[in-house]
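Listed in order, the protein sequences are those of chains A and B.
Its first residue numbered 1, the first sequence is counted upward by one per residue in the working numbering.
Its first residue numbered 1, the second sequence is counted upward by one per residue in the working numbering.
No lab work stands behind these hints: they were computed from the structure.
Fair warning: there could be bad hints in the mix.
As the list claims (entries may be wrong) - Between beta-carbon pairs, the in silico distance windows are: (1) ARG43(A) / ALA629(B): 55 to 61 Å; (2) ARG103(A) / ALA561(B): 19 to 25 Å; (3) SER37(A) / VAL593(B): 36 to 42 Å; (4) ALA63(B) / SER37(A): 24 to 30 Å; (5) ALA206(A) / VAL593(B): 32 to 38 Å; (6) ALA193(A) / ALA549(B): 36 to 42 Å; (7) ALA561(B) / VAL152(A): 41 to 47 Å.
For every residue, glycine included, the Cβ atom is placed at its ideal position computed from N, Cα and C.
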Amino acid sequence: MKLGTVVLCAWAMTALPSLADEGASPEARAFLKEWASAMAEVRSLRVRFTQTKTLRLLRKPRVSEGLTVLKGERLHMSVTRDGAPEIELAVGDGEARLYYPKRGTVEVYTLDGGPPPESPFPLFSGDVAELERTHALTLTRAEGRPDELVMVPRDPESSTAKVVMRFREFKVVEVEQTTRRGDSVRIEVKEFAVNAAVDDAELELAVPEGTKVVDGVSGRGAKR
Amino acid sequence: MKPAARWLLALAAVGISGVALARLEIEADVTQLLQTPAARALQTAERVFGLGERVVILVEAPAAGREADLLRCGRALVERLEAEEAIASATDGLGTSPDAFVDALLLPYGPLAADPDELEALLSPAGLRGQLEQQLERLSLLGAGQTEAWVERDPLDLHRFLVRRWRSLAAAYTIQPGRRELLDREGKALLVLASGTRGSQEPGAARAVVAAVDAARAAVLAEPWAQGLEVRATGGYHLAEESARVIQRDLIFSLSTSIALAALLLAWGLRLAPWMIGGLMLPTLWGTTVGAGVFALTRSSASAVAFGCTSVLIGLGIDFTIHLATAALAARAQGLDPQAAARDARRRNVGALVLATLTSASAFAAFAAADQGFLREMGWLTLCGLGTCLVGALWLAPPLLARMLRRPPSVAPRGGWLDALAQGAARRRGWVLSLTALLSLAVAALLWIRPPQLEDDLRKIHARNSEPLAVQARVSEVFGGTQDAVFVVLEGASEAEVVAACQRLEGPLASWMRRGLLRARVSIAALIPPLEAQREALAVLARHPRLEAELTEALDDVGFARDAFGDYPARLGAAAEAAPLTPAGLRAAGLSVLVDDLVRVKDGRAYAVVQVFPLTELWAGGARADTAAALRRVLTEAGVEGKLTGLPLVSAEAAEAVAADFLKICALTAGLVLVLLVVRFRHPLHVLCVLAPAALSTLWTAGLFSLTDERLNLMNLGVLPMVLALGIDDGIHLTHRSLAGDGVGTPRFRATLLGVLLTSLTTMLTFGSLALSENRGIASVGRLTLCGIALALLASVTVLPALLALRRGARLNIAPTSRDSAGAGEDVGSDA
């Protein structure tokens with residue numbers, strides 16, 4: 001399993017580089033430049049969301065809620081379902097750790113310097129300059145409605161078929177992702193707080209004594 | 001014999017020699033020269049698996065962010081290389097990707113790779129449910145993509161058992177995990193591997209492979225997208241090609257410069273016109289060529305290293321002519337006509353020349369006792385050359401000298417200062433001998449404390465600034481630790497037998513890795529669990545006869561859509577019926593590329609190779625010896641009969657074998673020379689006189705080596721007996737002259753001293769040019785002989801006259817030292 005998807009989603013909230021100089025429609029380019037400018041000074045972020053996954057693997061959609069806290073290069077995400085902790089993710093110090101509270105297990109993945117895995121949210125993968133080359137972009141702006149950016153990967157082998165992002169005042173309020181497998185994900189952003197106070201303790205993965213820590217790829221490990 | 005007939009016969013001999021030399025095959029691969037157990041095992045590994053015969057191509061980008069170009073470059077190189085006739089195969093990766101590996105084996109073999117207890121826990125109803133619930137929790141992470149694909153592909157995470165094995169196999173290279181391509185972690189370098197259609201030791205093979213790689217590199221780098229990429233190559237072919245090229249160039253340079261310099265030196269020393277010196281060189285060149293031709297007639301191939309001694313032959317061969325020339329000049333200065341002077345010189349020197357040839361020949365004959373083939377070749381080649389050079393000197397030099405000396409010399413030959421030095425040493429013999437004894441004792445003490453060391457690093461006989469070695473070091477730096485693996489080669493009647501042996505080694509090797517003593521091991525046992533463990537896993541599966549139904553129920557219970565998983569439950573249910581995994585099973589699953597590198601049947605025998613990658617480089621003696629000893633212990637404890645090999649081990653064994661040969665040759669040489677000298681001179685003091693220059697130069701040279709940390713290696717050890725022989729020649733000529741009644745201070749002793757000086761200087765020049773060689777082995781030969789001959793000369797003109805003056809009745813003829821009064825002293829015609 002690749003964690004890149006998860007991690008890169010979280011990196012979505014980092015500052016955006018400049019736009020590509022060619023290809024994008026003038027309106028889309030102006031919008032993205034403005035957004036990049038608005039996000040340029042982000043030092044920390046707190047995002048609360050509700051996610052609805054409709055997967056062909058599952059008999060019914062899976063709804064969960066979560067909170068992502070990001071500060072510098074460290075990130076913590078906790079997801080709950082029906083008020084109960086479901087899974088936690090912590091990224092930092094060259095590692096990504098997944099904690100399954102119900103199993104009492106932590107999986108550790110080493111983040112190597114390899115190429116970033118494909119992200120369902122290409123805008124967030126850190127290279128906006130490439131966005132126009134890799135995606136077909138359509139921007140829709142209408143009074144009283146969120147701005148809507150539709151991104152379709154040009155690579156036919158991409159697992160993502162389409163991503164729709166909706167913004168209000170350059171803050172993401174909703175993301176819809178459709179995959180070529182037929183899965184779809186809807187993320188409603190409930191809170192999008194830029195440069196909010198984030199305590200270092202919020203970024204720590206706190207696990208109870210006796211939690212089993214295993215290597216994420218091989219499954220080898222022991223209780224700690 | 002009529003002059004015309006003499007020269008026609010000489011020309012015919014040269015022609016025959018040329019034909020014989022043209023058909024001789026030259027071997028340049030040093031690993032082929034050294035027939036040690038490790039070298040033989042390496043040859044087996046090369047023959048069966050192509051190990052050591054690979055081309056390793058390193059593609060580097062100047063900065064990160066060009067991974068796509070690197071990968072494209074790798075693919076383009078592979079495509080071009082595979083189209084080359086000299087290349088058998090090429091790849092830019094491990095043969096298969098981890099995903100393809102998992103896909104090929106997941107079911108039914110995934111469960112067979114698991115620990116039985118772990119499998120039992122997973123397959124219980126609670127275990128199945130727990131695993132599926134964990135997958136659901138994982139699906140709660142933000143977004144959709146590969147996580148969903150993996151859960152669908154393998155909801156029970158059986159691939160983890162296979163990934164563990166894959167990881168342990170891929171650990172030999174520090175590459176980006178999950179990739180098939182050998183791309184480094186920073187995304188700035190890529191490796192491409194290729195193998196040749198013929199072994200690197202086969203004539204022309206290394207050159208053809210290197211040319212093919214160069215052509216592919218040039219074509220790929222000409223592409224616009226490849227701009228800025230750097231492509232370099234290393235491996236057995238490149239080392240062999242470089243060695244052959246550099247040695248050939250070094251020898252051509254050495255031969256041409258040594259001939260020119262020796263000619264100039266002789267012109268200066270003998271006060272002859274340079275064209276005359278050209279004539280004097282003829283007997284030596286003829287002797288060297290015909291000697292090499294005689295050598296070539298007796299064999300079909302020879303090592304390039306053996307031909308390093310052709311410079312030695314010229315150095316030795318010219319000595320005969322020089323001694324004849326100095327004697328003839330002295331006789332001419334005494335008033336003899338040219339023909340008579342030439343005849344007189346031959347008559348007076350033939351005894352010393354034959355004896356000197358015999359002592360040198362005894363040294364080279366002793367090479368026949370060496371175990372190493374290239375040493376035997378070197379001995380035989382020099383023996384042939386010495387014989388023909390002597391024939392050339394006695395047969396061709398006198399008529400040449402007679403023509404050259406037609407005009408009476410206006411001044412006597414040089415050497416007055418040498419004569420004065422020798423006379424001074426003879427007069428102050430007490431001082432000279434005491435000082436010599438003190439110096440020698442000091443050197444002996446130094447050698448006791450710091451004996452000369454043997455060089456056991458084969459890389460140090462390759463070219464200085466060797467490109468393949470530099471690329472090898474860069475590959476190690478980029479892709480982690482040493483890439484010089486120790487190979488454990490196992491042989492058996494069947495694949496099952498050798499695979500079982502590899503599996504018995506797994507425990508101890510895994511323990512080494514846990515303790516941080518090993519970086520990685522690559523073995524078929526990484527892919528195939530022991531039969532017993534597989535049977536236990538199959539027994540676990542058999543204890544769950546309703547596995548398919550239980551998994552389907554669990555999928556339904558936790559909320560998965562069972563249809564999305566296709567036939568996964570059915571294949572898991574049928575896994576209990578699977579046959580244990582074997583090399584044949586892996587090949588049938590499409591993994592031949594992986595398997596055939598590790599286990600293979602060849603000529604009716606099964607072979608396996610386990611590549612062990614230590615944490616540290618093995619070129620240093622201590623680390624290598626420790627690793628080899630520990631691995632031998634592992635083999636013994638595991639009850640496995642395997643042969644250890646790899647270039648570092650071959651290097652160490654080669655150094656030991658050559659050192660043993662060297663000791664044997666030296667002992668034999670000393671014995672043979674002593675017998676010859678005792679037979680000829682009988683008196684102990686006379687024998688001591690003859691031996692003194694050689695013995696002292698050897699001792700002092702060893703002292704200098706110790707002081708300067710110069711190491712003996714398999715090349716310069718081979719020429720050490722030659723240096724001894726040359727020192728003994730000096731002793732023979734001077735002692736012979738003195739015993740003939742021409743003592744220190746006489747014109748003939750002075751002429752002989754000049755001969756010794758000129759022969760030493762010409763030899764030093766020929767070896768001096770070798771010291772400039774780019775090949776470090778050949779250069780060390782030059783340095784050793786330069787040092788040895790210079791010190792033998794010093795001992796000959798100082799210590800030896802002092803020793804000769806000790807003889808009862810020795811007569812010092814204290815002559816005027818003016819260079820123009822060569823006629824002073826005794827009569828020309830007075831024989832002993």
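Right, here's what the structure says about each hint:
ARG43(A) and ALA629(B) have their C-beta atoms about 58 Å apart, which keeps the hinted 55 to 61 Å range intact. Range check, ARG103(A) to ALA561(B): Cβ separation about 23 Å, and the 19 to 25 Å hint holds. A beta carbon spacing of about 52 Å between SER37(A) and VAL593(B) contradicts the range 36 to 42 Å that was offered as a hint. Roughly 28 Å separates the CB atoms of ALA63(B) and SER37(A), a value that falls within the hinted 24 to 30 Å.
A hinted range of 32 to 38 Å is violated for the C-beta pair ALA206(A) and VAL593(B), which are about 46 Å apart. Look at ALA193(A) against ALA549(B): about 50 Å separates their beta carbons, and that is not inside 36 to 42 Å. Between ALA561(B) and VAL152(A), the C-beta spacing of about 27 Å breaks the proposed range 41 to 47 Å.
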